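Number of protein chains: 2
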Amino acid sequence: MPAGPIDPPARLLMGPGPITAYPRVLQAMSAQLVGQYDPFMTATMAETQALYRDVFVTGNEATLLVDGTSRAGIEAALVSLIAPGDRVLVPRFGRFGHLLVEIAERCGAEVHTIDVPWGQVFAPEQIEAAIRQVRPRVLAVVHGDTSTTVAQPLDELGAICRAYDVLFYCDTTASLGGNEFRTDAWGLDAVTAGLQKCLGGPSGSAPITLSERAVAVIESRKSIEAGIRGVGDPVRTDRIRSNYFDLGQILDYWGPKRLNHHTEATTMLYGARECARILLEEGIDASIARHRLHGDAMLAGVQGLGLAPFGDLAHRMTNVVGVAIPEGIEGDAVRAELLADYGIEIGTSFGPLHGKVWRIGTMGYNARRDAVLVTLAALEAVLRRHGLRLPTGGGTEAAIDSYGAAA
Amino acid sequence: MPAGPIDPPARLLMGPGPITAYPRVLQAMSAQLVGQYDPFMTATMAETQALYRDVFVTGNEATLLVDGTSRAGIEAALVSLIAPGDRVLVPRFGRFGHLLVEIAERCGAEVHTIDVPWGQVFAPEQIEAAIRQVRPRVLAVVHGDTSTTVAQPLDELGAICRAYDVLFYCDTTASLGGNEFRTDAWGLDAVTAGLQKCLGGPSGSAPITLSERAVAVIESRKSIEAGIRGVGDPVRTDRIRSNYFDLGQILDYWGPKRLNHHTEATTMLYGARECARILLEEGIDASIARHRLHGDAMLAGVQGLGLAPFGDLAHRMTNVVGVAIPEGIEGDAVRAELLADYGIEIGTSFGPLHGKVWRIGTMGYNARRDAVLVTLAALEAVLRRHGLRLPTGGGTEAAIDSYGAAA
Chain P
27 MPAGPIDPPA RLLMGPGPIT AYPRVLQAMS AQLVGQYDPF MTATMAETQA LYRDVFVTGN
87 EATLLVDGTS RAGIEAALVS LIAPGDRVLV PRFGRFGHLL VEIAERCGAE VHTIDVPWGQ
147 VFAPEQIEAA IRQVRPRVLA VVHGDTSTTV AQPLDELGAI CRAYDVLFYC DTTASLGGNE
207 FRTDAWGLDA VTAGLQKCLG GPSGSAPITL SERAVAVIES RKSIEAGIRG VGDPVRTDRI
267 RSNYFDLGQI LDYWGPKRLN HHTEATTMLY GARECARILL EEGIDASIAR HRLHGDAMLA
327 GVQGLGLAPF GDLAHRMTNV VGVAIPEGIE GDAVRAELLA DYGIEIGTSF GPLHGKVWRI
387 GTMGYNARRD AVLVTLAALE AVLRRHGLRL PTGGGTEAAI DSYGAAA
Chain E
27 MPAGPIDPPA RLLMGPGPIT AYPRVLQAMS AQLVGQYDPF MTATMAETQA LYRDVFVTGN
87 EATLLVDGTS RAGIEAALVS LIAPGDRVLV PRFGRFGHLL VEIAERCGAE VHTIDVPWGQ
147 VFAPEQIEAA IRQVRPRVLA VVHGDTSTTV AQPLDELGAI CRAYDVLFYC DTTASLGGNE
207 FRTDAWGLDA VTAGLQKCLG GPSGSAPITL SERAVAVIES RKSIEAGIRG VGDPVRTDRI
267 RSNYFDLGQI LDYWGPKRLN HHTEATTMLY GARECARILL EEGIDASIAR HRLHGDAMLA
327 GVQGLGLAPF GDLAHRMTNV VGVAIPEGIE GDAVRAELLA DYGIEIGTSF GPLHGKVWRI
387 GTMGYNARRD AVLVTLAALE AVLRRHGLRL PTGGGTEAAI DSYGAAA
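If you read the protein sequences in the order shown, they are chains P and E. For my numbering, add 26 to where a residue sits in the first sequence, where the first one is 1. For my numbering, add 26 to where a residue sits in the second sequence, where the first one is 1.
Source of the hints: derived by calculation from the structure; they are not laboratory data. Keep in mind it's a predicted model, so treat the numbers as computed, not measured. Warning: the hint list may mix true and false statements.
Which copy? The list can't say, so a pair holds if one copy fits it or any two copies do.
Claimed, not checked - Once the Cα atoms are required to be at most 35 Å apart in a straight line, the calculated DSBU-like pairs of lysine-lysine come out as:
#1 Lys283 / Lys248
#2 Lys382 / Lys283
#3 Lys382 / Lys248
Could you build all of it, start to finish, from the sequences and the hints given here?
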């Protein structure tokens, strides 16, 4: 037996996520299992649904968890809403817009895209013009795209979607809990998330909420599987292309029918429940303010070190700062040294930004003063060893000033 | 905040799964996270792959975890192997054969089935005859179908599949670790499992192994997603219909390329790793013998209570006993009373067997003498309260005799 007990090294995860989990979440996940239809289990599922209604700021009955990573939630939403041949519009402003295109295409959609340079966002008028031209069935948008550290304003898009009878889907994996988001007030039809960013849990469970309009579309496409199908249940020939991600069936499992589908991932359920409890105990507004406070301090700190932030600061996410890697500095070598010598992880970036931008997160458990200051002190020390001339103490001092100004 | 800390009631889960998890697995799952590309993370992924090669008894390099429940593993295997229009043969002998049909159909396969009555299995000649007639691209078979408590013999099917150039897929969710299974020796091309049965973990991670032949098929269908695609990488028009379950991309994430796909569900990875460690520390043969010992004792015990077992005992799974619900007894009322008064869960059944058969599991952590005897004593007490005349102590005595005979 070569492999010993799991014993991870101490890490402070200050990248774009996953980040260090709340210890309370990991403790909750060590609770023992109960049976799939135990009254405690079904009550815990219902309780978790209620908690996530508050997290998503929605009255949607259809609020639940998809058993998989945040990407599983995206695919469940899209494959359940999109019938092959449906037109889908994706405004792309970063890597995860590409992911929405990718998934929608595999669902058989006719995908149309509009683009802005990475680091910018769309004006509502740009999206409306594209909707008018494309007449899509679904508008699929990322809220905060960690690849560029900016967040797309969404508050005006719901009314536009209603006007053109478009279903409005949003991926909030990277933003939920740390940035303002309102499912009902903003007119969203489907929203998905993950635990590993501002919610402070491990990847592996994808909270999702669906409007009545979205549920109606999904119900019209539902087919109950053979083996548990009742005598009167219809068999459809144009079934949703996935069984695992068939939200119609998943709703029947989470709903009062309790029709067997998958076996709920109980430990992830416990974790997702604790993530929501922590967020709601603090209060969503307080959590967003905390993310903004520590995100602002981190931004001030990197600027205090003489580094240039990346992206449109007017639309920046609260929970991740993009930093232009200085000329002559090897970004990945700095990251490796930070990890090896200080146990601190910051992020690289994808595609056109790889090697040009670092991403430093301040989210969930790590949206904390000590985490911000330790990271800035260590970054200064490493950059100096890499030959960069920096204002001594410039990062920590600027961050402390930022905290002072906010107090 | 209405929801308090998670605090599950004490339960002894003696159903067909999920079952009580090994405490060691839950402890491992409370370990803190590291970053997605931390050297510790990639080493832990590689270590877990090596552990599951031993669990699956295979040399397959392509052995990894799908992030989702066991059903996610099934869908990943089928959607990655099956191109729309491919013929798939499913020999059905229980509910989970229906599930394979359901998933394969949604992958766009032309599905052909053969059937035996629930409780029986197929002779290899029956399957060969169907292969000769259908000429499928894929043979998809369940190993142990907990819905009927019998296991399909597989050892002769690999050679048949090779002779007819058929890919051989098997779902071992309910059997792996407690029943003999040999990926390479039996000529399997794709095998999937889950943690929540004999492996003694929570649902939410699906170990999978793929032969070189299966990997070649998947590689021929692979398309790297936009956003991380390199300049020379091909863009396919006949892409695998799922992004999340595209095993080509998942292999690139787990393999030396480490191409970003989903964010690995670290806590489930820790859990899956510990499940494998426990199994391999005990030894696979010893674990199978233990499952047989306690399964035999449970079978003797229910027979000692005068109850009739269900299904073909010559092919019964070691880890779950089917029990015919006696005439005049309300099966679900007995189960509810066992749970409420004794904290013990046994299973009901699906479809044609619902209300006719209980399913009592002895697997993973609960393949233990005390778990068997406590369950039999409680079952006797509850059945007597429901008016059944039973031999006093007949269950526990017969089980103890069974242990004595095995010693």
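Homo-oligomer pair classification [Lys283, Lys382; C-alpha up to 35 Å]: Close across copies (21 Å), not inside one copy (52 Å); limit 35 Å.
Alpha-carbon proximity context of Lys382 and Lys248, limit 35 Å: between (46 Å within a copy, 29 Å between copies)
Alpha-carbon proximity context of Lys283 and Lys248, limit 35 Å: within (14 Å within a copy, 38 Å between copies)
Of the numbered hints stated above, none is contradicted by the structure.
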